[in-house]
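Can you build the whole structure from these sequences, using the hints too?
Chains A and B supply the protein sequences, listed in that same order.
My numbering numbers the first residue of the first sequence as 1 and each following residue consecutively.
My numbering numbers the first residue of the second sequence as 1 and each following residue consecutively.
Keep in mind the hints are simulated off the structure, nothing from the lab.
C-beta: ideal position from N, C-alpha, C; glycine also.
A hint or two may mislead.
Here are the simulated distance ranges between beta carbons [claimed, not checked]: (1) B:Trp-474 to A:Glu-91: 25 to 33 Å; (2) A:Arg-86 to B:Asp-181: 52 to 60 Å; (3) B:Ser-95 to A:Glu-170: 27 to 35 Å; (4) A:Asp-175 to B:Asp-181: 19 to 27 Å; (5) B:Gly-219 to A:His-60: 32 to 40 Å; (6) B:Asp-181 to A:Met-167: 55 to 63 Å; (7) A:Leu-103 to B:Gln-404: 56 to 64 Å; (8) A:Glu-82 to B:Gly-219: 30 to 38 Å; (9) B:Val-511 to A:Leu-103: 36 to 44 Å; (10) A:Ala-59 to B:Asp-402: 48 to 56 Å; (11) B:Glu-313 to A:Glu-82: 28 to 36 Å; (12) A:Asp-175 to B:Arg-162: 32 to 40 Å.
25 Å max Cα-Cα, derived DMTMM-like pairs, lysine to aspartate or glutamate [said to hold, decoys possible]: (13) B:Lys-121 to B:Glu-61; (14) A:Lys-163 to A:Asp-58; (15) B:Lys-241 to B:Asp-298; (16) B:Lys-375 to A:Asp-175; (17) A:Lys-163 to B:Glu-61; (18) B:Lys-380 to A:Asp-175; (19) B:Lys-55 to B:Glu-313; (20) B:Lys-248 to B:Asp-298; (21) A:Lys-88 to B:Glu-583; (22) A:Lys-163 to B:Glu-167; (23) B:Lys-121 to A:Glu-82; (24) B:Lys-182 to B:Glu-428; (25) B:Lys-58 to A:Glu-170; (26) B:Lys-490 to B:Asp-472; (27) A:Lys-131 to B:Glu-428; (28) B:Lys-380 to A:Glu-170.
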Amino acid sequence: MEGHSRRDLLRIAAGAVAAVPAVAQQTAETAASPAPLFFTPAEFQMVDELTEIIIPSDAHSPGARAAKVASYLDKSLAESFENEPRQKFREGLKLVDNLSTQLHKKTFVESTPKQRVAVVAQMARNEKTPKKPEEQFFVQLKASTAFAYYTSSIGIHQEMEYKGNTMQNEYAGFDAGLVPIQLPDSSK
Amino acid sequence: MQSPSAPGPQVDLKIVYDAIVVGSGAAGGMAAHVLTSQGMKVLLLEAGKQLDTTKELKSMEWPYDHPRRGEMPPGYHPLGLNEYNVRNPPYAKDSKYPHVESYVQGWNGPDYSKNIVVDEKDHPYTGTKYAWVRARCVGGKTNIWGRLALRLSDYDFKAKSRDGYGEDWPITYADIAPYYDKVDLYLGVSGHKENLPYLPDSLFQRPVKLTSSELHLRGELAKMGRVLTPYRAGVTTDGLKHNKYRSKCFGRGACDRRAGGCDIHAAFDSPTGLIRPAMDTGNLTLRPNSTVYEVTVDPNTGKARGVNFIDTESGKTYEARARAVILGASTLESARLMMLSKSSQHPNGIGNSSNHVGHNFCEHIMGPGINGLVKDLVGKPRTLDDGRPGSFYLARFRNLSDKQSNFIRGYGFEGSSGTTMIPGNAFETLGFGSSYKKAVRDYAGAYISMGAFGEVLPRYENGVSIDPNVKDKWGVPVLKFNYTFGDNEKKMAADMAVTAREMFEASGIEVVSVNREILTEGWSIHELGTSRMGNDPKTSVLNQFQQSHDVPNLLVVDGSSHVNASCQNPTWTIMALCWRSCEHLADELRKGSV
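Shown next, in the form of structure tokens:
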């Protein structure tokens, strides 16, 4: 059933991750961020950049950086019951730097924005059937990033413009008693 | 709304109550309601704790206002499909996690229901693979149930007369219909009248609305003679003037974002729908943290004398006494309790002279389903699609006027469509960057999906027994499963995937994926049978009033009594049958004839 698989996917996405207090949402991006709990400052910078490449700010809405996705990943990894997700994430970041060095003879953070996107594109090449370790890390990083972003205030309200979780007196939608209608006019 | 936590009368174990009710879910809560409203003094024993679910559920909390976006704290582990399938129970044995919970805790927002479902470490079971979901607290699983409130019909009650398999129920639709009406009016149910003989209408409150894609599918399926109807939700959509503990539904939508639960109690739950009003009669005494482990017997008459129970906090044991004992502990727990209650008069367990207790266990098979895309909706402006207590139900269409060549009985589909708070397609959309964001955004509201629930045939050999070698946290021997799906279920499941595709294709919905995999036994959380009703004491456990053939002052009012599973969800039938039986019991108690 779709509900089952969708929920399982959310679960998988959340599996390696898990936390950011609401207060983090309110902190202005420019304010001095508190020291990361698990990541080293260099790792944090790298994760912040990687997640922003995956879900960037654009004309429609702010992206992963504004939504404090790196901070969420840091806190959830820090409190993870198991050690394995922490190790795997750290190893994954090393794979990113190795790939970057291989491609551009520079670490990921030292690279130009264009070079960084090229590194992520390389990692994302086999997203459906990832084989290489860096490809597998991309799938994991993207799932975690998507979960953190689409459960954030920016993700829910600005990006997805979600209209629910409010009190309504009348349900939105159509009465079953209506003669079956054509789908909404595509010209709108 | 008033807080559902005022205390009732003090527990007095020196008196003989009119009735002891074991379990406080749909069945036990209904028994308490009916008997107390008839002036009977009732002691309601609940194995689990008293929880303030209004505070637990926090239905409107945004993910970002929760410290872990709704996830459980570190150290809590929900069992996954693979764990159920590659290992045998007890699933939590030797787990490295301090807390292990059932698969429903792998859904969104499990932190809100983690105290409602049991910790598998405390509640082991053995035998064959089974995904057993249990809630031990006042109200049981009604605190988080899926809310689909359907009636059964004579297609179910007289199924043997139609296809020759199994047994007919000892009642007809005409016997139970007045009690379905009472349940509808007392608790509230939302739906759209369809006049289907195989899915009788309730006395409906305001129906749930359909999305444009659901309305389109409804129209296309009507051409095939199949009926997609708005979700028949056990939710009061118009409000209930007689119940001050429940609000009407405001379409906030948390019911499908999480395992379930409603903190304004518009969705029926036993604590606010049944137990608090029963307490207001002054006739109900509730004792939580009281695990009944034996029905005691009067040595002279062989009738039930009361129950022995353990205080789960102190570990002390007590006996409570009553003129009648009513089991509503759940299909599997009631069977466990009867089999544990051995005495010289009932060496096989109380009420089990037929050797049918624990047998004929049945439920619903699920797994096959479909996900589709309505292309005309891609890129359309946001609509509010999840602000309702359910989406749609597609009624059974197999083996009604037709006769399938390779399986008997039928299945229905539950489905949903449109936008949700967290877009599920974000985890399936390939790529990254602005194009990824846009694809997620454009397609999020355009999917429609459904999954089937099919009738599992009752078979004598499918059942549960006591495992004397394994005990739960309180030292009570646990259940051992001997239960698997059979050939009829597997062939039916194959058909589900075929018809799902056929219906989407006929409706011009692009098929994204078809799931053919059968989920582990137990996944539907619709356990039924184990003490079936019947007219013959040799082949059934209970009579048509859910009274034990052997012990007339012992009733089993939960899903245990069902003779077959139908494919329609059981909760409304459990409550209607219980109402009928308890009215009958109250008459007998007044006459002194039990």
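- Task: Please write out, lowest number first, the hints stated earlier that are contradicted by the structure.
- Result: 1, 3, 6, 8, 13, 15, 20, 21, 22, 24 and 26
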